[in-house]
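Turn these sequences into a full structure, and let the hints steer you where they fit.
What follows is the residue order along each chain.
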Amino acid sequence: MDMNNYLQMDIPELSGAMRRGELSVLELTAHFLNVIEKEDPEIHAFITVDREGALRRARELDGQPVSERRGRLYGIPVSVKDNLLTRGLRTTAGSAFLRDYVPATDAEAVKRLREEGAVILGKTNLDEFGMGSKTENPVYGSTVNPVDPERSPGGSSGGAAAALASGMCLLSFGTDTGGSVRQPAAYCGMFGIKPTYGAVSRNGLVAYASSMDTVGVIARNAADAALALSVIAGEDPKDSTSVPVPADYALMTVPGNHGEKTIPGDHADMTFSGKALKDSLQGVSVGVLEEFLSADLLSDESRAAVSSFAAFLTEYGASVTYVHLPETELLVPVYYMLASCEASSNLGRYDGIRYGTDLGTQGPLSDVYLGNRTAGFSSEVRRRILAGTYILSEEHYTELYLRAERARARIRRAYRKALSSCDILLCPVVRGKAPFLSGKAPYDDDLFTVGANLTGLPACAVPVGPSSVQLVGRPMAEGTLLSAAGVYEAVNAGERRTGK
Amino acid sequence: MDKQEFEQILSLSRLMEKTGDREEFIRSMEPLYEMMEKVRNAAELEDAEDSDLPGPEDFPLRTLLLREDVPHEFSCTEELLSLSERRDGGFFSVPRSI
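Residue numbers (my numbering), protein chains in the order written: chain A, 1 to 500; chain B, 1 to 98.
Treat the hints with care, as some may be off.
[Said to hold, decoys possible] With a Cα cut of at most 27 angstroms, we get these calculated BS3-like pairs of lysine-lysine:
#1 A:K440 / B:K38
#2 B:K3 / B:K38
#3 A:K238 / A:K111
#4 A:K417 / B:K3
#5 B:K3 / A:K440
These aren't lab readings, by the way, just hints derived from the structure by calculation.
Every value quoted in this text rests on a predicted model; they were computed, and no experiment measured them.
Okay, here's the thing in structure tokens:
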């Protein structure tokens, strides 16, 4: 079979073909390394490409007897954001401080990927420590949006989204603290999901804001994302905030021509027809977040995508209503205040002596610390460290930090109330088109995404025409979001993204 | 809290000592300051009580930032470094080998 035919397959099918020995892992890996070699000088999605490691791993997998081949991601070439530790492979977190850091261990999510047979092609670009939404990195360069080279891919997992959208890998793993998986996925026309806080271990994720940091997935479609999520999710004793996931976690149920298909685990050929899917969303209640839809900054295109998706959901059996989220005004300020506080604490260790590379400052110890910290952190990181430290200072703790935490509790209650009568909340994911490379990305742009991080709820970005919409669900109800997105993709076959 | 005080504290921060254009940097912090003002002045938070703080039922989350850990003087180097040592306790995910 021609390689192009394989590239049209979903990951469960493709992995199955490699397990059965119908396709060589080496051949597939070499194909993606060649695409990286050709495309990445312009896109700059990767900070580090591990050509040798990927080929070695591919040969190792091809060498296994067919009868012994196991792994849900067997032979699948993936990219990993450069703030997730990879054993023996440099992990910079986009910072000068970690430019020479080669971890001795894998992040738990990465470990699980390897155990399931994935081939890691390299580490993708990000805003320093994940703080930003343009993947504009002063040390490692800026990533270009493959959909429109004049524009940014978004961030901070912009390298991950751009790598996938330009056909440099089949699956990308990113992290999402305030929208860093969903926003670049939307700007690059891909599917992106941020799981419930605690569903995926944070062990080995270079910390930014620990109460909101989440490992997520950017995929070509919901089926691929469901499989990837099921691989990396699960309790981990090395992360005390991780929790057990239910048996049906990330299980995507889509009615098909040959009966109901479930992913992950089902590698049968999946074909759909509109008739088989009719009424497949019966019983699902969806609430459109009214305040988001009427936000001034929202473009007509993003608003139209939400309306169109709501109409689709109704047509396929879901009940759609409008719901209120009264705390919308506080979302962005509370997020930035709390994220800055946690960043100021998490980044306190980087001094070039105890943590991070010594950037060469001479003099007394205090000058060395100071020199390293000013040279090592970009302006945006310094801004957040300063803001966070100010908020946590004795004089301002009560009027700022405590109030922000109280506001967070209110926001969480508001989401909980909205989800008490709805299975899914539907809203925009981005204001409109991606910012130009030379333009700015104001903090307000994060309005639609930070709520899921402040509340710990699962949320995904689903491509709809030239735009995207966001679905937010109840804790651990990723399967509901994936199923709704899967039905949409199945009905709109053209919406299934396959990369470049 | 007022803007003048905020800017004065920023200009005194050691992290600013080697910043090229300090005034421009301080100006670039305005959006963050405005966010703090918004939360500080939010009328809906006036009647908030301690019970409005996140609890274990809200998150599988430990409280990261404890009142007694707050630095007594604003600085971004020594205080923060010692603070992070105390707070770390193996909780954060980056291994100490960094």
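These are the hints, each one checked on the structure:
The straight-line distance between the Cα atoms of K440 of chain A and K38 of chain B is roughly 22 angstroms, inside the 27 angstroms bound, and the hint therefore holds. At roughly 13 angstroms between alpha-carbon atoms, K3 of chain B and K38 of chain B fall within 27 angstroms of each other, so this suggested pair holds. In summary, the hint linking K238 of chain A to K111 of chain A is supported, as the alpha carbons are separated by about 13 angstroms, within the 27 angstroms threshold. Between K417 of chain A and K3 of chain B, the direct Cα distance comes to roughly 36 angstroms. Violation of the 27 angstroms bound is thereby established for this hinted pair.
For the proposed pair K3 of chain B and K440 of chain A, the alpha carbon gap of about 24 angstroms is at most 27 angstroms, so the pair holds.
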